[in-house]
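Chemist: Protein chains in written order, with this note's numbering: chain A, 1 to 183; chain B, 1 to 298.
No lab work stands behind these hints: they were computed from the structure. Any given hint could be a false lead.
Claimed, not checked - Result set (PhoX-like, lysine-lysine): computed pairs, CA atoms no more than 25 Å apart in a straight line:
id: 1; chain 1: A; residue 1: Lys165; chain 2: B; residue 2: Lys212
id: 2; chain 1: B; residue 1: Lys147; chain 2: A; residue 2: Lys91
id: 3; chain 1: B; residue 1: Lys33; chain 2: A; residue 2: Lys168
id: 4; chain 1: A; residue 1: Lys165; chain 2: B; residue 2: Lys33
id: 5; chain 1: A; residue 1: Lys91; chain 2: B; residue 2: Lys194
id: 6; chain 1: A; residue 1: Lys114; chain 2: A; residue 2: Lys165
id: 7; chain 1: B; residue 1: Lys59; chain 2: A; residue 2: Lys71
id: 8; chain 1: A; residue 1: Lys175; chain 2: B; residue 2: Lys232
id: 9; chain 1: A; residue 1: Lys26; chain 2: B; residue 2: Lys215
id: 10; chain 1: A; residue 1: Lys157; chain 2: B; residue 2: Lys129
id: 11; chain 1: B; residue 1: Lys212; chain 2: A; residue 2: Lys91
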Amino acid sequence: MKKNLLILIMLIASLGAIGQGKFISKNAFISFYSSTPLEDILGESNEAVTILNAETGEIAFQALMTTFHFKRALMEEHFNENYMESTKFPKAKFNGKIDGYNSSMLSAPVSDIKVTGILSVHGVEKTITIPAKLGLEDGKLVGSSKFKVTPENYGIKIPSLVRDKIVKEMEITVKANYLPFGN
Amino acid sequence: MKKIISVCIGLTLFLSGNVFSQDLDALLNEETKPTVDFATATFKSTRIINGHSIEQMKKDQLEFRISHRFGTLNNGPYGLFGLDQSVIHFSLEYGLKDWLMVGTGRGSLNKTYDGFAKFRLLRQSSGAKFMPVSLSYFNSIELISLKFPERPAGTSNYFSSRLAYVSQLLIARKFNQNLSVQLTPTYIHRNLVKTELDQNDIFALGGGARYKLSKRLSVNAEYFYTYNPNAKFLEPRTYNACSVGVDIETGGHVFQIMLTNSQGMREGSFIPQTTGNWLDGDIHLGFNISRVFAFNNK
Chain A
1 MKKNLLILIM LIASLGAIGQ GKFISKNAFI SFYSSTPLED ILGESNEAVT
51 ILNAETGEIA FQALMTTFHF KRALMEEHFN ENYMESTKFP KAKFNGKIDG
101 YNSSMLSAPV SDIKVTGILS VHGVEKTITI PAKLGLEDGK LVGSSKFKVT
151 PENYGIKIPS LVRDKIVKEM EITVKANYLP FGN
Chain B
1 MKKIISVCIG LTLFLSGNVF SQDLDALLNE ETKPTVDFAT ATFKSTRIIN
51 GHSIEQMKKD QLEFRISHRF GTLNNGPYGL FGLDQSVIHF SLEYGLKDWL
101 MVGTGRGSLN KTYDGFAKFR LLRQSSGAKF MPVSLSYFNS IELISLKFPE
151 RPAGTSNYFS SRLAYVSQLL IARKFNQNLS VQLTPTYIHR NLVKTELDQN
201 DIFALGGGAR YKLSKRLSVN AEYFYTYNPN AKFLEPRTYN ACSVGVDIET
251 GGHVFQIMLT NSQGMREGSF IPQTTGNWLD GDIHLGFNIS RVFAFNNK
């Protein structure tokens with residue numbers, strides 16, 4: 001009887017631990033940047049959602065294309081209408097895993113890591129490995145990354161007329177402040 | 001007691017197992033709030049062809065528009081199919097708010113000045129909030145600045161005689177990525193008309209549509225039916241305005257090239273005063289060009 005009670009208590013305690021096993025950020029920042037002498041293009045979203053599984057080192061991102069905003073309204077319209085086709089492909093996703101993950105990474109100061117996973121943009125999935133940073137900053141778990149993607153690889157055609165205004169490789173910046181999931 | 005505990009244990013195991021098996025992606029889907037998806041880019045430009053579309057300049061965006069309508073195609077080769085003559089209209093149009101756009105312009109036809117405001121009342125949306133159509137209200141004043149003709153002694157001209165007022169409801173629906181349709185009930189009041197038989201108050205219904213052939217090319221058509229046109233025997237005879245055209249988009253520019261039976265480019269002229277007849281070849285080639293400038297600092 002006492003043994004059973006003990007098991008129950010342990011289980012409930014472990015359930016709490018499971019709750020702590022994931023970290024979430026509902027307002028992660030994602031931007032993409034293209035700079036040419038003719039035009040700078042900067043799209044920013046502060047509404048990306050990301051979850052980090054502390055048990056396995058798995059990490060997932062989702063961003064609605066329509067949450068990206070631009071200085072020029074026309075750019076935003078073209079981004080959604082002509083390039084990303086946001087009604088057809090409303091979300092960009094990343095599902096990956098931290099290379100050589102161990103849970104101490106989450107309690108150490110910010111340090112360099114690598115993440116490998118599948119980036120899904122414009123309905124095209126590609127496996128990529130990107131450099132990132134992860135760790136504690138002022139007692140909070142933060143993650144960030146800066147990497148490049150080539151729109152053409154994701155079936156995003158850039159017409160020759162505007163080719164000079166858009167770089168071949170977009171610079172993607174990601175920043176997330178993680179909070180324990182379920183709180 | 002034992003039973004209860006084992007049930008508890010079972011339940012706990014079941015629940016915790018459930019949490020584990022949940023895919024991160026599915027968790028993310030749960031955490032993403034349902035969004036309201038507004039229909040954007042119902043039309044490529046703030047005009048379908050001659051008339052206003054549901055589109056507005058967004059806040060702090062300025063558009064400079066230049067439009068030309070040439071003479072009629074039935075001028076023949078001697079007049080290079082109308083290219084020898086042209087009327088111009090240019091305007092500056094600005095988004096004060098995302099829902100309010102104002103503009104002012106000048107047209108060479110009848111030396112007209114105009115000012116307008118376009119208010120967005122409803123936005124077509126799906127997702128968390130469903131709205132089948134977009135609705136805007138358009139209002140403008142047009143001022144004909146032609147010199148007044150000589151008047152008989154003892155009568156005088158009034159400034160108010162130069163003015164006309166236009167009110168329109170723009171009701172549009174983007175049916176899919178390619179097809180958008182708009183209905184435009186219109187009321188026009190002209191303070192002064194040529195003869196007693198001309199109408200001061202004009203009621204019309206406009207219909208317009210666009211179909212996208214590719215991401216940057218669309219075909220457009222527009223028709224304005226006037227319920228109380230001028231009597232048929234009045235000269236020059238007036239017709240309903242009918243236009244077809246294409247929109248070509250190149251980055252910050254939209255080119256609109258059209259064939260239309262009206263030379264006027266403002267509601268007060270092309271709705272009540274279109275004198276061309278398609279069947280007689282009174283067709284004007286024309287184009288609108290617009291360039292958008294952003295004035296917001298971010």
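Chemist: Hint by hint, say whether it matches the structure.
Modeler: Do the hints match the structure? See the list:
{"no.": "1", "hint": "A:Lys165 to B:Lys212", "result": "holds (24 Å)"}
{"no.": "2", "hint": "B:Lys147 to A:Lys91", "result": "violated (60 Å)"}
{"no.": "3", "hint": "B:Lys33 to A:Lys168", "result": "violated (33 Å)"}
{"no.": "4", "hint": "A:Lys165 to B:Lys33", "result": "violated (35 Å)"}
{"no.": "5", "hint": "A:Lys91 to B:Lys194", "result": "violated (59 Å)"}
{"no.": "6", "hint": "A:Lys114 to A:Lys165", "result": "violated (31 Å)"}
{"no.": "7", "hint": "B:Lys59 to A:Lys71", "result": "holds (11 Å)"}
{"no.": "8", "hint": "A:Lys175 to B:Lys232", "result": "violated (69 Å)"}
{"no.": "9", "hint": "A:Lys26 to B:Lys215", "result": "violated (33 Å)"}
{"no.": "10", "hint": "A:Lys157 to B:Lys129", "result": "violated (32 Å)"}
{"no.": "11", "hint": "B:Lys212 to A:Lys91", "result": "holds (23 Å)"}
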